[in-house]
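There are 2 protein chains.
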Amino acid sequence: MRLAQALFAPRAVALVGASGDPGKNTARPQRYLRQHGYAGRIVPVNATRDEVLGERAYRRLADAPGEIDHAFIMVEDVEAALEDCARKGVAVASIYSNGFADAGAAGAERQARLVERSRALGVRLLGPNSMGVIDLPGRLALTVNAVLEAEALPAGSTSLISQSGTMLGTLLSRGAARGLGYAKLVSVGNEADLGVGELVELLVADADTKVIALFLETVRDAERLAGAARKAHAARKPIVAYKLGRSALGVELARSHTGALAGTDVALDAFFRDCGIVRVDMLESLIEIAPLVSNREPPGLKRQARVAVVTTTGGGAAAVVDRLGLHGIELAGMHDLTMAGSAAGYRATLEKLLASADCDAVLAAVGSSAQFHPEFAVEPIVSARRTAKPLVAFLTPHAERSLALLAERGVPAFRTPEACADSLAAFFAWRAPRPRPEIGDRHQFHSDPFAMLASLGIPIAEQAIVQAPDFAHALRYPVALKRLGVEHKTEQRGVALNIRDGAELAQHARRMGDAQLLVQRMEHGLAEAIVGYRDDPVVGPLVLVGAGGTLAEIYQDVAVALAPLSEPEALAMIERVKGLAVVRGYRNLPRGDTAALARAVAAMSRLALIPGRPVREAEANPVIVKREGVVAVDALVALKE
Amino acid sequence: MRLAQALFAPRAVALVGASGDPGKNTARPQRYLRQHGYAGRIVPVNATRDEVLGERAYRRLADAPGEIDHAFIMVEDVEAALEDCARKGVAVASIYSNGFADAGAAGAERQARLVERSRALGVRLLGPNSMGVIDLPGRLALTVNAVLEAEALPAGSTSLISQSGTMLGTLLSRGAARGLGYAKLVSVGNEADLGVGELVELLVADADTKVIALFLETVRDAERLAGAARKAHAARKPIVAYKLGRSALGVELARSHTGALAGTDVALDAFFRDCGIVRVDMLESLIEIAPLVSNREPPGLKRQARVAVVTTTGGGAAAVVDRLGLHGIELAGMHDLTMAGSAAGYRATLEKLLASADCDAVLAAVGSSAQFHPEFAVEPIVSARRTAKPLVAFLTPHAERSLALLAERGVPAFRTPEACADSLAAFFAWRAPRPRPEIGDRHQFHSDPFAMLASLGIPIAEQAIVQAPDFAHALRYPVALKRLGVEHKTEQRGVALNIRDGAELAQHARRMGDAQLLVQRMEHGLAEAIVGYRDDPVVGPLVLVGAGGTLAEIYQDVAVALAPLSEPEALAMIERVKGLAVVRGYRNLPRGDTAALARAVAAMSRLALIPGRPVREAEANPVIVKREGVVAVDALVALKE
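Going down the list, the protein sequences come from chains A and B.
Numbering that gives the first Met the number 0 applies: residue 0 is where the first sequence begins, and numbers increase by one.
Numbering that gives the first Met the number 0 applies: residue 0 is where the second sequence begins, and numbers increase by one.
The following block holds chain A by itself, in its conformation from the complex (with noise of 0.2 Å):
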């Protein structure tokens, strides 16, 4: 592949702007590329100097001789660089110059117009606002980056694209600490081409890499790396992510860092979980957890995962089972064991547990022989016969002998209880990407909400639209009497309940003060649950169920997936939803038709299959719960602008 080879194994790079001062970070790339054992050309480019750090240098690049297929721009100048670039032949641009959609809506329009002029010229581009590329194993050090500055770091089978080029090396020097090394590493920039989706399917095209990990600020390509993410899928690569924005706070820092759109972090939540990318909350679990989930499948529990713990440390092991408890993970058994005891049976112990049908995981927390005797401690875990089953470390002491040795041979090993809880409970969360559901029809759009609603089959309380003075209709008592087209009904005292005859429903009519009003079957359930689409401008459209209210708006609970989806995906989403036990089964309760609730919340995901997406947000709000049946008796649909 043309592009891949450009990017990560060019046969001679440019570094247009490489500084002859050793102090400034244009003249790092230089410096790495030689120190980290280069194989290719190097090119420097500076237009006052013939000679740059004991190199020949070219005035411009058009001076240089030979073929090039990769630059690395480091000029103010980037639009006469990628002129440059092109007359030349060059394949790749990456460039670290600032000044595009980071620096404000002057800045997003000369990354439009740069973008539009690479594609006539065809010259791909990486950033702008990139750290530029490493590839370890291949000796590329193409990068700003300073944490090149080590002599050496460990290859290893993970890449990484980050939206963070800083994070390049905090990754990089973390996982080298306890010796997880990695493959690749790209920084993207601003994306302005080559986005984090094309980067994926460059890395499960890649034979060095088996572990895909993001580190993410938003998604800027949702439907590309959604595609992306089958791929890896399909070639048993995992991707891991772990991004930011799970606070507002967050969010409104990756877009005022960015200058992207920031989703929000439900909505990017759900098209992790849907595209069957595991996402870690902590930082070292984006590296640590690279092990546990290389040559694995998502595991796909139907129940509560079970971990077995074997011990030589109460503590250690406890502070990770609380933490894994948390997570609603459960203990399949604690074994206390002494590292003075044979180290044999120490393994048979783990080798028993590991072919055991009672846990789904193993967990064995070390002590101080971790520290002070590294070899004899990690001997019976590396040694143990493996099955498919996890064997995973947490080891107590400040032990990174222990790290490195565990990481050798392959087992996941954590450093803090935190990190070893999150990734084993992202790893059981993982599930396969969804399947695309197959729903032949396509509906058509209607501007009112409840016939829009019908259309789509969520079944709506009979009604009809009154008019003054008689308000006449052919319903049955009792009935509701509704205010048209506002918001928040019973806050704006526009909704009558429990209305028994027609002088009751004049009077309230006459109250509201209104010509024209809706009247309703009065309805009763066991529970009320909102039912909502999104058009989200991240992620694209979005299906959710919650339960009903304003204690449940409150807290905001409410189950998040991406639309369209069949009714067992989301008889699933229901059971997400902790409200919503009211009606499952709790204490006496009644239980309601959640099977009902479910064809609902399927039903207004095909909102997404209308031709041209018009609407931009809709919801049944609340739909009743009953014994049998469900129906809604508000509702709202929002077009785009």
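Take the hints with a grain of salt, since some may be wrong.
Given that identical chains are not distinguished, each listed pair holds provided it fits within a single copy or across any two copies.
With a Cα cut of at most 30 Å, we get these calculated DSSO-like pairs of lysine-lysine [as the list claims (entries may be wrong)]:
no.	residue 1	residue 2
1	Lys388	Lys351
2	Lys351	Lys23
3	Lys301	Lys577
4	Lys23	Lys230
Treat the hints as calculated values from the structure; they're not laboratory data.
Chain A is already provided as a structure; the job is to place chain B on it using the hints.
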């Protein structure tokens, strides 16, 4: 103080059961005492040898010459060893041996007998099941914990009391790896005699200790610990606690592991907060937070905390800020600097922020320079003029030397974004110990729940007991009818609401079928709340307030505090209940009388003042919150057995 001296600075120690086999745990204390330079006399006691590890040993403690302050008991026959200690005038016996409360009911009885005998003999006990005592400045390594294999360990001003013996090694080794040392470390084992509370008292009086760290699985002496925490606060020695058992699984484990009653997490959380104990969520926070709280007072902010960030690494800083956002901490500005810029400028930025009124803490996030140029990277941070406001550092790469340099200069430095945010959040949540409210009245006990609540001052619904066959009463309609003595009335068809007249009442009463029923004036309000009381077996009387109804119950949305408390404190609790937002002015909803609810909560808390504390549990549920006033419509009181 005799006890403190014998425990931490004994002039002579006896090692009862010292092994001559260097591979055995029981050989360690002698080796460690020598290795770490203990200056006192060491007396090995071994039933079968006159020489142990090259030193003169004695068959029995009685045979040893001279006075002995502290004995470390490592033999099975602890009882005989205790008698020997008493005869020899030993002040403290630390017991490594197990088989006591850690080993079922028979063990617990054995422990009770041991304690009784030790009191009679005047020997204080540490343990059983204790790994011993370490005093680093005092060079006492009276422990079996293998962390003492280290050639040297840094002394510091944090002291640790741990219910897990192995955690001594975990915290010491991890602290040492980042330049954070300890003063005293105590493994309390089963706390048969010397408990965490009394040890905190000793550390409050200890000149080497500035911060007291607790690793807890439960609390066995809540009252003494609460008193000790007040003394620690008065002495300006912050206490920081990490407690296992946040999950139900963790609670279960703590119970089985320690043989102790494990308190519910919510009860212990209330206990820590009200005692002014800083609680951290992550294990490494317990190490890293020490310089943050050392010599500081609880910040006691009345609003959200604001942190200003100075960074050379966007992604790394964002990882902390995102996490701070999850804790409700705000960003007071993000200052992007380059390390290549002047150190003086960096320092000036820090000093400006430290002097500014616009933030409550300053976070410096440092990138790769921390790894390769530690002195250079930390210089502006360590040299910035300090104010009372915390200045903390997060280092994005693996950078132990920088961590140590910062530790040396007392700057709190964090290895992970999560521990950094956790520690800042714990710091800002830190409150001074709550003063015991001055509440004059002692309340009388009433066996009828409604009478009990009414006598405390909680408004209850107007009500009457009615009898078959006529069910006569003097209340105004509409009323509610309820079965007496039935819990979860709604689910049991034990309640009829909105009864409009006597005929309707009689109809419902006949359906219920009881000879006696309760009639109440029908009450309506803006929301329902639950107000509860529990005399917790671990921490004592607690008061609870939460949103009412099934949903709130599912979300476990309650605030808990130690009882009794004052009305302003009760109001602060109400603020912490998310679901009560509906009466605090949510959207356009009318405000409820939270002051009246606070009065009810404070009233409920006064159950703690009834002589003899006969009430185990009490509940007013629901309490109807109105625009003016509140009223309890159901009540429950359960007595201790």
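Hints, verified against the model:
1. Lys388 to Lys351: Intra 12 Å, inter 54 Å, cutoff 30 Å: intra-copy only.
2. Lys351 to Lys23: between (57 Å within a copy, 28 Å between copies)
3. Lys301 to Lys577: within (18 Å within a copy, 32 Å between copies)
4. Lys23 to Lys230: neither (41 Å within a copy, 55 Å between copies)
Of the numbered hints given earlier, the model fails hint 4 alone.
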